[in-house]
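The lines below spell out each chain.
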Amino acid sequence: MSWHRIAAITIRLLQQFRHDRRTLALLFIAPIVILGLLGYLIRGSASAPAVGIVNQDQGPLGTMVAGALEHSSTISATSINAADGDAKLKDGSLVAYIVIAADFSQQAQLGTIAPEIHLEGSQPGNSGTVLQALQEAIGSLSAGPGTAIHFQPQLHYLYGGPGFDTLDYFGAAFIGLIVFFLVFVITIVSFLRERSQGTLERLMASPLRRGEIVLGYMLGFGALALVQSAEVLVFSLAVLKVHNQGNVMLIFGIEALMAIGAVNLGIFLSMFARTEFQAVQFIPLVIVPQFILSGILFPVSTEPRPLQVVSDVLPLTYAVNGLRDVMVKGADLSWPSLQLDTGVVAGFVLLLIVAGVGTLRRRIA
Amino acid sequence: MSEAFAVDVDNVFKSFGTIRALDGVTLRVRQGEIYGLLGPNGAGKTTLMRMVVGLVAQDAGTVTLLGRRMPDLDILSQVGYMTQQAALYPDLSVEENVRFFAAISGSDGNVDEALKAVELDQRRKSVVATLSGGMRQRLSLACALVHHPKLLLLDEPTVGVDPQLRVQFWEDFRRMAAAGTTIIVSSHVMDEAERCQRLGLIQYGKLLAEGTPDEVRATAGTSNLEDAFLKLAGSAPS
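Residue numbers (the working numbering), protein chains in the order written: chain A, 1 to 365; chain B, 366 to 603.
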């Protein structure tokens, strides 16, 4: 073994990095950006799940439980009218509301506490947090000697249900994300190959219009992406049994929009890379922040305010939200929220097509 | 801008940063002529070829192809361009490559004829990645001529091609030129220059001399083209 030869390889590698400042920057900046984003997102998430309390108890206990809930650090509880509860669950301003019945104190003295908990249900994590907060609030009351109170909450779900688990929640988002990510990577690398193997030069020296190239790519990869979307959807629904309340064709439609968006994003971003190596670097720059901020991992409403602003301009946020609305809540195109989500994603796709055609340079120089 | 000239390059300039790639080049190629663009590596041959097909924008001057001022996309359907690198799709078969390049030029072309011309008809089903360098070069030529272009631009087409096939290439070029195809071929190999009807010697982005091989030799006062080029290049300011 020759250390001289080993050193030659090591030095050559470092020299290559010196000439590729972009890779070097990515190597040192990307981890800080990604970790910083995650740290800010997790530590900076101030808002605890919003819970409404309807206290109808004619005895003293209801007020005490409501008071304990309002002081809870894990949820953000406020008093509401019973009539507003379902509307607030639907518009997303509450994740749950708890109804303390008129005979709550009376029943408690008989040894049973059975509050009604109305859960929005689309985020399994929130349901657990609400139940835990309620148990803690009741536990603080029943700490006296000789009291044995049975806690029998009556759970009502607006969406999902008791069997709605984490996979159901993430599945809806991942169906779209997987297609978006894979199609993006394949397109950007393919388009870069077109450049690096010299065939793009040949295409540009032919009567082909830039729009024809972009459209041809879009249709070719789009066709593949649609087959992939169908496969992902069938596997998720039939094999993984991911919860679905909505129209399967609507899910497929949103997936297809995301796939076409990914093709055009790949074409567009390929203009800013010289090599396949540089193209792959767009994954931590473009895909990872969207993955973190689009509400796939953490609901956008729980993000720190400045990050919510960023999330609101990311197309993936709308796609994920749309897919969840359809699959978890059974939304259809008559829902204004789904109209907004699909509209934004479609607009983004159109914008990328224009950007792709606009930035595809016919001329080498 | 006479239509008698298939290619009319008029006083074009091109710089890349501080490097002047083309410095006031003017050349005219007649229809049905084989025009050799001769010069060492880095002389500006490829830049000029790319400019002719509109891939490189000139800083000044004009380029006219088959009577149409460039850039003009439609006229490119009558142009065949063989790049220096054998630009092909390695995952496609020989036949699929030729068929694709015919299609993007707007013609069905004659794939069989093109493959026979480069002696690849027996390998039509082979995937390009399995071909030798010379075969790829031949396939690249087939892709450039499959749609029967009126103007064929060949950037160093015989690099990596064995001597026997090189002779055949030149016979094919002559046959195509006789049928009316204009051919511009770049090379830095002097014996190929002898096969051209007219030559342009290029160095440092300037056209040093132009004419038939005999005229170029006479201009330089030498008995062979290599000496002529060295003499003319030696007297040119860098």
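Hint data in this document are derived by calculation from the structure and do not stem from the laboratory.
Just so you know, even glycine gets a beta-carbon here, dropped at the ideal spot from N, CA and C.
Just so you know, not all the hints are guaranteed correct.
[Claimed, not checked] Output of the computed footprint for chain A on chain B, the stretches with three or more beta carbons under 8 Å from beta carbons of chain A:
1) 410-421
2) 442-449
[What the hints assert, rightly or not] To give an idea of the interface, some chain A residues facing chain B are shown, with a C-beta separation under 8 Å as derived from the structure:
3) Lys-90
4) Ile-149
5) Gln-152
6) Pro-153
7) Arg-195
8) Thr-199
9) Glu-201
10) Leu-203
11) Met-204
12) Ala-205
13) Ser-206
14) Pro-207
Results of checking the hints against the structure:
1. 410-421: The restraint on the segment 410-421 of chain B holds, since 5 of its residues have a Cβ under 8 Å from chain A and three suffice.
2. 442-449: holds (count 4)
3. Lys-90: Where the cut-off is 8 Å and the nearest Cβ of chain B is about 51 Å from Lys-90 (chain A), the hint is violated.
4. Ile-149: This interface hint is violated because 71 Å lies over the 8 Å limit.
5. Gln-152: Violated - the Cβ of Gln-152 (chain A) stays beyond 8 Å from chain B, reaching only about 65 Å at its closest.
6. Pro-153: Violated, because the Cβ-Cβ distance from Pro-153 (chain A) to chain B comes to roughly 60 Å (cut-off 8 Å).
7. Arg-195: violated, 10 Å
8. Thr-199: Holds, about 5 Å.
9. Glu-201: holds, 6 Å
10. Leu-203: Nearest chain B Cβ about 7 Å off; hint holds.
11. Met-204: Because about 6 Å separates Met-204 (chain A) from the closest Cβ in chain B, which is inside the 8 Å limit, the hint holds.
12. Ala-205: It holds, given that the least Cβ distance between Ala-205 (chain A) and chain B is near 4 Å, below 8 Å.
13. Ser-206: Result: holds, 5 Å to nearest chain B Cβ.
14. Pro-207: Holds, about 4 Å.
In summary, the numbered hints that this structure violates are 3, 4, 5, 6, 7.
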